[in-house]
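Both chains are sitting in their own frames, so use the hints and assemble them into the complex.
Protein sequence lines, in the order shown, are assigned to chains A and B. Just so you know, we're using numbering that gives the first Met the number 0 here: the first sequence kicks off at 0 and counts up by one. Just so you know, we're using numbering that gives the first Met the number 0 here: the second sequence kicks off at 0 and counts up by one.
None of these hints come from the bench; they were simulated from the model. Cβ atoms here follow ideal geometry from the backbone N, Cα and C, with glycine treated the same way. You can trust all of the hints, since none of them are fake.
So, partial list: chain B residues that the calculated Cβ filter (under 10 Å) puts toward chain A: (1) L177; (2) F407; (3) L449; (4) R457.
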Amino acid sequence: MERRRSFPDVLAGGIFVGVGVAFVVGSLGYELGTPTRMGPGAFPLLVGATMAVLGLAIVIKGLIAGEVVSFGPIPWRAVALIVVAVLFFGFTVRRLGFVPTSAVTALLTTLASPRVRLLTAVAVAAGLTVASTLIFVVGLQLRIPLWGPWLGL
Amino acid sequence: MELLDNLALGFSTALLIQNVLYCFVGVLLGTAVGVLPGIGPTATVAMLLPITFSFEPVTALIMLAGIYYGAQYGGSTTAILINLPGESSAAVTALDGHEMARQGRAGPALAAAAIGSFIAGTVATVVLAAAAPPLASVALKFGPADYFSLVLLGLIVSIALARGTALKALAMIALGVLLGTVGQDIYTGTPRFVFEQRELYGGIDFVSVAVGLFGVAEILRNLENEQTRTAIVSKVTNLWPTREDRRRIVAPILRGTGLGAALGVLPGGGHVLASFTSYAVEKRVSKRPQEFGRGAIEGVAGPESANNAAAQTSFIPLLTLGLPAHPVMALMIGAFIVHGITPGPNVINDEPALFWGLIASMWIGNVLLLLLNLPLIGLWVRMLRIPYQVLFPMIILFAAIGTYSLNFNAYDVYAIAFFGILGYILIKCGCEPAPLLLGFVLGPLLEENLRRALIISRGDPSVFLTRPISAVLLALALAALLVAVLPTIRQRRAVVFAEEE
Numbered sequence: 000m001e002r003r004r005s006f007p008d009v010l011a012g013g014i015f016v017g018v019g020v021a022f023v024v025g026s027l028g029y030e031l032g033t034p035t036r037m038g039p040g041a042f043p044l045l046v047g048a049t050m051a052v053l054g055l056a057i058v059i060k061g062l063i064a065g066e067v068v069s070f071g072p073i074p075w076r077a078v079a080l081i082v083v084a085v086l087f088f089g090f091t092v093r094r095l096g097f098v099p100t101s102a103v104t105a106l107l108t109t110l111a112s113p114r115v116r117l118l119t120a121v122a123v124a125a126g127l128t129v130a131s132t133l134i135f136v137v138g139l140q141l142r143i144p145l146w147g148p149w150l151g152l
Numbered sequence: 000m001e002l003l004d005n006l007a008l009g010f011s012t013a014l015l016i017q018n019v020l021y022c023f024v025g026v027l028l029g030t031a032v033g034v035l036p037g038i039g040p041t042a043t044v045a046m047l048l049p050i051t052f053s054f055e056p057v058t059a060l061i062m063l064a065g066i067y068y069g070a071q072y073g074g075s076t077t078a079i080l081i082n083l084p085g086e087s088s089a090a091v092t093a094l095d096g097h098e099m100a101r102q103g104r105a106g107p108a109l110a111a112a113a114i115g116s117f118i119a120g121t122v123a124t125v126v127l128a129a130a131a132p133p134l135a136s137v138a139l140k141f142g143p144a145d146y147f148s149l150v151l152l153g154l155i156v157s158i159a160l161a162r163g164t165a166l167k168a169l170a171m172i173a174l175g176v177l178l179g180t181v182g183q184d185i186y187t188g189t190p191r192f193v194f195e196q197r198e199l200y201g202g203i204d205f206v207s208v209a210v211g212l213f214g215v216a217e218i219l220r221n222l223e224n225e226q227t228r229t230a231i232v233s234k235v236t237n238l239w240p241t242r243e244d245r246r247r248i249v250a251p252i253l254r255g256t257g258l259g260a261a262l263g264v265l266p267g268g269g270h271v272l273a274s275f276t277s278y279a280v281e282k283r284v285s286k287r288p289q290e291f292g293r294g295a296i297e298g299v300a301g302p303e304s305a306n307n308a309a310a311q312t313s314f315i316p317l318l319t320l321g322l323p324a325h326p327v328m329a330l331m332i333g334a335f336i337v338h339g340i341t342p343g344p345n346v347i348n349d350e351p352a353l354f355w356g357l358i359a360s361m362w363i364g365n366v367l368l369l370l371l372n373l374p375l376i377g378l379w380v381r382m383l384r385i386p387y388q389v390l391f392p393m394i395i396l397f398a399a400i401g402t403y404s405l406n407f408n409a410y411d412v413y414a415i416a417f418f419g420i421l422g423y424i425l426i427k428c429g430c431e432p433a434p435l436l437l438g439f440v441l442g443p444l445l446e447e448n449l450r451r452a453l454i455i456s457r458g459d460p461s462v463f464l465t466r467p468i469s470a471v472l473l474a475l476a477l478a479a480l481l482v483a484v485l486p487t488i489r490q491r492r493a494v495v496f497a498e499e500e
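Okay, chain B solo, but in the shape it has when bound (with noise of 0.2 Å):
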């Protein structure tokens, strides 16, 4: 069995002393900033990414990923307990969850999102193990114009599944490509929109952009109308759910965790829709749905499996194509190419050690998540009483001082606060800054396979179409852009959204 191999060569990565360490510190900062409102697992990647640079590249990205999907378990705590999600996928666990909590239930609703993420974390890593390589096999026949097709897709399909109009997502999709051409062209090295600034030919730093983006704009949101937070805290007692609540659970959890691995590979959010989507599900298959939103404990348990399973199967596209399906994704792209490897279909061959730790190293991740949350769930809301006045300076600081030290360039500094302002203005009008992000860092590969592809065909533009993968992509990419905008479907998709806000 290659497989069975391949996952011990991992778990021989993963188990390593200070792998573990570092996806223990991962998951325990994951877990914080998701139970914490107000910071997200974006920002705190972006923060902690210049810190890693000394690491191993597999100890690095094992703890960048435990904040990822540890964050995922957390924000399903402070949903329950105070009805805030401290994550956006977490919104719809609040439903039914903060109502259980209100009829002393806490307990059943976090045992049940937390063996639910559990089992659907482990579910969606074998997922992982098995489905990335053939599909990186696959990603390695693609040519050039392939790829521009491909990166083109992951960018279209971002919008369709974004909040907010489609027109405003492909808008900061562009904005956010133009803004990744700063700096010197890759083919002549010409230096481009520098404006004579030397500091600025290395391109501006994606840190800077994300920190600005996800943190400085974040911030200035929630100060615009401050409250201080009312911690009403449920007492939670009674952990374990009942005989009862645990024959409701299993197939919620089942259902939750397929639809999240399979929803989880789509770029752009497939976590958020993967728990509003097995919301639904359940809540339609249910045979008492009228229970629903008053204290099901399957909306908690299909939901919580959902997101947590799309968390793990999200790296998919980053492992075999080099593409992100999530901010935080393509935050671990810069993370692999700090550390001299490029994210993509090559991995897999080059860097085996690597790839089967990082995937072995969520299994563990997932284990010590449950060990963290279910019997130190005291110490998460006691974590709720920490004011925001120290916070979000606490975050400011850390980002001006994680991004300086990247290149020790005062510029990727400022940028930050050129970022924040921007970003504040443009999320102020109804603009995702998801979009941005993905453009800005998959930018520069669009222009590198458009130019190389172009190259190759001697300039003839049809070689888009005359590949057949290529076609097969573009035609995909289409027939998204028509989902994203017909008004029909955005009807549907504004309701499911809707039960967000």
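Next comes chain A alone, as it looks inside the complex (with noise of 0.2 Å):
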């Protein structure tokens, strides 16, 4: 079997220990009950103490023998325009209504492509708003103002 040192193993297992102690600490600041009466803390306490323990193993199983994954490139155009979507989505739904905060999110979306022509994508973009403009408020009724305050309309 080929031993090697693994970039991803390592990764993961920094992530899981990371957010064990993370979970850990957290809980330590909650009350831990006793075995009869459980607190709140106690449960997160043991997961958290058992992942960052597993997230050690695969660290150390990452240095000496990984598991042979390629990490392959990031698309950080497609990463970044997705997450600016989502959140632009999430702030603004309510502030600027459905149809222009849909219309930003699936342009934004559709230029996460980076073969995507930017007239194919206001194509695609004002295609997506009107269908899930029929689709949410019209067909199924979802109450979210169409047009927002932040319109002064």
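Next comes the structure, spelled out in structure tokens:
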């Protein structure tokens, strides 16, 4: 069997250790209680510690006999645009209203693909906005105003 | 005959016009997402879940279930025609199915898949109807300690079947369980890990988790090396299999159905395992093993029957124990809860119309799928031409709208982005997302039953070993853990899954 250092293993293990320790520290701030009446902190403490140990094991295994996983490229543009698009939706849907928010979200998302042309993106975004308005607001009677207070309408 | 009475009740519910309609919508959507690579049933069910909140509970569940097993049908179409499995369990179908298509026998391959799936679906529905009531009555005797052990067993078995290393899968479960503790503590009401944000008091919504992990993360994976799908779709002619074909597929369909029905009950990807096992079995028992991989119709009929049977029987643990066997089942739990029904052994007595209606609808759904898949095959082939550049923005936008409409809480939408990124990083590191979602859904159950069991036993942890049901379940969990960790068995597991790559 091939033994090698594996960056993905170490990274994954590191995430598990980090999150596990964070939960352990967090749960120490809550009441731990007794075995008979476990407090709110006991269960997360237990699971958090377990996960930190598992994460540590993954890191160690990754350093000596890691799993051969190719990490591959990261589509930074897609990551950034999709995150911004989703956050934008959450933040503005109540403020700008359904139609403008959907249009901007759809446009940002469409642009996540590096192969798309601007005109195509606008067309796709427009189509999706119309479709989602028809499906969700007209069809399913979702109670979100079409145009929000920020527009001063 | 009690079973017949129950089924009569089920059919009278399932045949209500709106239920048939939404069953149709469900299997139609399921077939569509099964056909389209890049979007699976988990993301679809998560996106559509909010929409079903205004439905009657039984209607909502019928539609969501339809999406799940419909996707199993659709996945085989893409696998056969363009050698690209639309759903993971269809990967094995591509081996011989696509080879048949290249030899101009796409029609018989599709027909074998559809007929096999239909027979398997019918048999498995009967298995489900027959097995669920006795299991539910056993489950009613379970105390908190037994439930704790059962949930633990379910979580551990799910990793024994998952791909990737057991260590990572265990850590993913733990991460899911931890994320499930965010929000107010059930016993004391103390808000935990909420960073003083009132919006987090109710916990993280599991729809956000599912959409992030299975929708956004998957899209990011696909955008890594985007290719235009070269849809060299074979012409489908002569759908009906020859007499020789018909003779050859009978036994594989029956064997596949049996295997699938049995393996589907296991938590975590039972249907994927079922189709791989069925393929291996068919290859072994065949008098012409050299034909496998070169267009053997048995290699299509067996696995397709197996995965469809498994898709039906994976509802058994959900309906009788409240335990999800698959991420989609985890979402179905959410659907039950939203409608004020606690999934578990009580459903069968408290909501007989819903329970039997859902089961009966699966048979109706299978009939609809047979009609949808064979005559309308041309439509699905055309759908493969939808460019991904239209598809993925649609998924993101609908996911955002759907999640927001759950509680009109912007945090649920932010959570999609968070879980999308987290899931993407972890998937890139070789961690499967399914255990995280199962852990997230089952974590609160685990904690609640642990604490309740300890209250009853006055803090004595030996209660988990002295109660016989709990002790047996824990022993099974330990055995499953050993199976997952022991290297020899892992290697054999790797062989089974290697063909999927």
